[in-house]
Amino acid sequence: MVSEEDLQNMSPEEIAELQRKQCIFCKIIKGEIPSKKVFEDDKIIAILDINPAAKGHTLIMTKEHYPILPVIPLDVAAHMFRTTKYLVKSLKEAMVTNSATVFIANGAIAGQQSPHFLYHLIPREPDDGLDKFMIPANEFKEEEVKQHLSALKGKLGLMMREYKAKKGKEGEVKQAKPISQQDLAKFIDANPQVREAIINHPEEFKKQLEANPELKHMFVGINIDKLSMALKQIKK
Amino acid sequence: MMACVVCDKIKEKKALIVYEDVNLIAILPSKPAAVGHIKIMPKQHSSKLEELGDELVQDLFFLANFSSASVFEALQAHGTNIILNESDNHLAIDVIPRKENDGLDFMWKPKQLTPEEMDSVHNSIKDKAFVIGKVEQEQKEPAQEAEPVEAAEEKKEEIIKIPEEEKTNYLIKQLTDKIP
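These protein sequence lines map, in sequence, to chains A and B.
The first sequence begins at 1 in the numbering used here and counts up one residue at a time.
The second sequence begins at 1 in the numbering used here and counts up one residue at a time.
Worth flagging that the hints you see were computed from the coordinates, not collected in a lab.
All C-beta atoms, glycine included, are put in the ideal place defined by N, C-alpha and C.
Be careful, since some hints might not be right.
[Stated by the list, open to error] Computed list of lysine-lysine pairs in BS3-like fashion (alpha-carbon distance at most 27 Å, straight line): (1) B:14 to A:146; (2) A:89 to B:31; (3) B:31 to B:43; (4) B:31 to A:141; (5) B:43 to A:164; (6) B:109 to A:167; (7) A:164 to B:126; (8) A:164 to B:9; (9) B:13 to A:141; (10) A:21 to A:36; (11) B:31 to A:153; (12) B:109 to A:132.
[Stated by the list, open to error] If you want the ones that stay clear, here's a sample from chain A, every Cβ over 10 Å from chain B, calculated: (13) 82; (14) 101; (15) 206.
Pulled out of the complex, with its shape left as it was, chain B reads as follows (with noise of 0.2 Å):
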């Protein structure tokens, strides 16, 4: 595996650590953005979000929740951003404790893009997110004793196999399949 310095620094244990269990580390950077800024991040190397099973993935964000709530109390802060940058290093979110005339300024400008290229990206989301729920449903639906795990099984297939244009079928299908 390559070479990670972060990997080195959660192992060394040299950083201020203000929170660390078997799979996540919080540590309080030494040039941080501002007083009371928590860094947070998954002792497993990884650079993607993807990477991490989904437990873990949940626990990352509660801890940065409780990141926040901690710094409202402890410093009394106004506000907090939670920023996670995905790049090539290791995976990492920041918690940054606000304040009026603080210096700092996440917010961006926005673009403006025609309808056309607002329906063009909304399709191809569509078309990619389409299957999130539908994964978790199956997981789901063998505990609920909805249906037999054999047949869950089959529409997992069913579901990988379905060709762009049939979705809206199947989504009938799906539905129509529901109703007695």
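Excised from the complex, chain A in its bound form (with noise of 0.2 Å):
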């Protein structure tokens, strides 16, 4: 046992190694202690809760031990948001529902209970009892709504401007935008080539969709078969 004593004489190194050696996550990471994995790799890993919210609640974390979300190197918090989002599909198609809750808990107040850094996939169904994850809509006075919005502006903004200029691809976001229906016309008419798969293999063009994220944003609402169908009158 470490006393209160020796604690006050430990350096925040010596206090950080202690949390890692009794952090019961590490322990499930390194093997130590059984878990059900879902999914695993070189740097995050996914396990079940086993006080489940629902069927199939799941817990995401990174493999190395960081007790808060902002202390988390970026390649790997981004490495992690991306794959939530493949989590939550998988979690949604083996539960066969369509909504999923992504819980996260910053702090013992918000209900962090863990060193380990970590937050909750938990799929969802229509009357499933799980009102407590409603967000209440309360009523206060305008300018007590209004008090921290320069505070808060300032922050995030400078914030998201040293995010985007470490992943230095401020521009490449861009691409992303959504487009109306007669850029998209311009755009089908500016590449024969894509007009060429849509009416010709649409089936196919429906896969490159998918595995395109930019691409797919683009054609996001559109009935592929409907607009091949259309292309095909248009060239006759």
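Combine both chains into one complex, guided by the hints.
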């Protein structure tokens, strides 16, 4: 056992090391404590929660021990967030439902129970009784709601600028801008190979869309089969 | 496309906007759960996470993370909850500052599942999540020049076609393939 006095004499690094040694999730990751893993790669791991809010309730975490989200390195957090999308999809498919909740608690007051940062992915069903996750809408005076606007705007703007600079792709996200149907028509006109693909190989084209998020984004809400028929008519 | 109140509001720009770029917007809702509550939405109309591109998902969660950090700093919050509830409406993430006795409670009552139920859930999720790492590995491999692009593409075909019962064998085969 480590006494209160020992703790006071320890450096922050030593305390962090001690937390790692005692962390139940680090032990799970090392395989010293059994768990039900649903996904694992070199950076992250996902396991079933043993006290689930619903069937399929999964915890996602980094393999390295980080106590809070903001200290996770950018590339690791980015990988975890991207994988979250696919895991949520897998959970929904496995539990045969079409909605899920992603729940993150920062700080004990918010419900963070683990010194190893992790978050919850919970498949949802209509009338599943999980009303706890509903976001309450409360009445506050307008001045109260507004009072932190400029402070939050300043801090958030700065953090996002730093993030985008680090990511080094400030301009790249612009590709994903939603486009109008007229612009989409122009895009198809300007790219004969795309038009041919839609006309002659609509099924192949749908697969292409799945593999290419930017392209998929341009065709959101468009029925490819109908588009294929329409383009065929125009061609004639 | 169906009419969406959120899409209209994003275009009107009448809300108290704390952050906006080409793809994302963060506002202070007029009826917040707590003072400092930030609501984040992709501008693109979608109701499910998988409808968004990978990079947009990444940016969305980073914006939520930074909103949480801003709330800690600006409001001296003691904690935050970041909650994404998928529904049939426009997708949103809520970042809610927490303090002692704030009257908020998002903690659920755990369900008791039998070991058999846990096993069956475990197996069905593993089966679906099986492809996640594989597809990502695929995308990385050509870049690392670990194998020619053609070979990687062939492999992709292979992965799609694996019957359920052959998955384990396939994994073993993949491992043994890598051993010279």
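Quiz item: For the pair supplied as a hint, residue 31 of chain B and residue 153 of chain A, is the alpha-carbon distance within the 27 Å limit?
Solution: holds (19 Å)
Self-check item: Proposed proximity, residue 9 of chain B with residue 164 of chain A (alpha carbon, max 27 Å)
Solution: Between residue 164 of chain A and residue 9 of chain B the Cα gap is close to 26 Å, so the pair holds against 27 Å.
Practice problem: Below or equal to 27 Å on CA atoms is what counts here, so check residue 13 of chain B against residue 141 of chain A. | Solution: holds (21 Å)
Practice problem: Could you grab the alpha-carbon distance between residue 43 of chain B and residue 164 of chain A and see if it respects the 27 Å cut-off? | Solution: holds (18 Å)
Quiz item: If you draw a straight line from the CA of residue 109 of chain B to the CA of residue 132 of chain A, is it 27 Å or shorter?
Solution: With Cα atoms ~9 Å apart, residue 109 of chain B and residue 132 of chain A stay inside 27 Å; holds.
Exercise. Assess, step by step, whether the Cα of residue 89 of chain A is no farther than 27 Å from the Cα of residue 31 of chain B, and give holds or violated.
Key: violated (31 Å)
Quiz item: Minimum Cβ separation between residue 82 of chain A and chain B greater than 10 Å?
Solution: violated (5 Å)
Exercise. Verify that the Cβ of residue 206 of chain A lies farther than 10 Å from every Cβ atom of chain B, and report whether the claim holds or is violated.
Key: Check passes; 14 Å lies beyond 10 Å.
Quiz prompt | Straight-line alpha-carbon gap residue 31 of chain B to residue 43 of chain B, limit 27 Å | solution = The hint holds at about 21 Å.
Self-check item: No chain B beta carbon within 10 Å of residue 101 of chain A's
Solution: violated (5 Å)
Quiz item: Is residue 164 of chain A close enough to residue 126 of chain B, meaning Cα to Cα at most 27 Å?
Solution: violated (34 Å)
Quiz item: Holds or violated: are the alpha carbons of residue 14 of chain B and residue 146 of chain A at most 27 Å from each other?
Solution: OK: residue 14 of chain B and residue 146 of chain A at ~13 Å, within 27 Å.
Comparing the model with each earlier hint shows violations of hints 2, 6, 7, 13 and 14; every other hint is respected.
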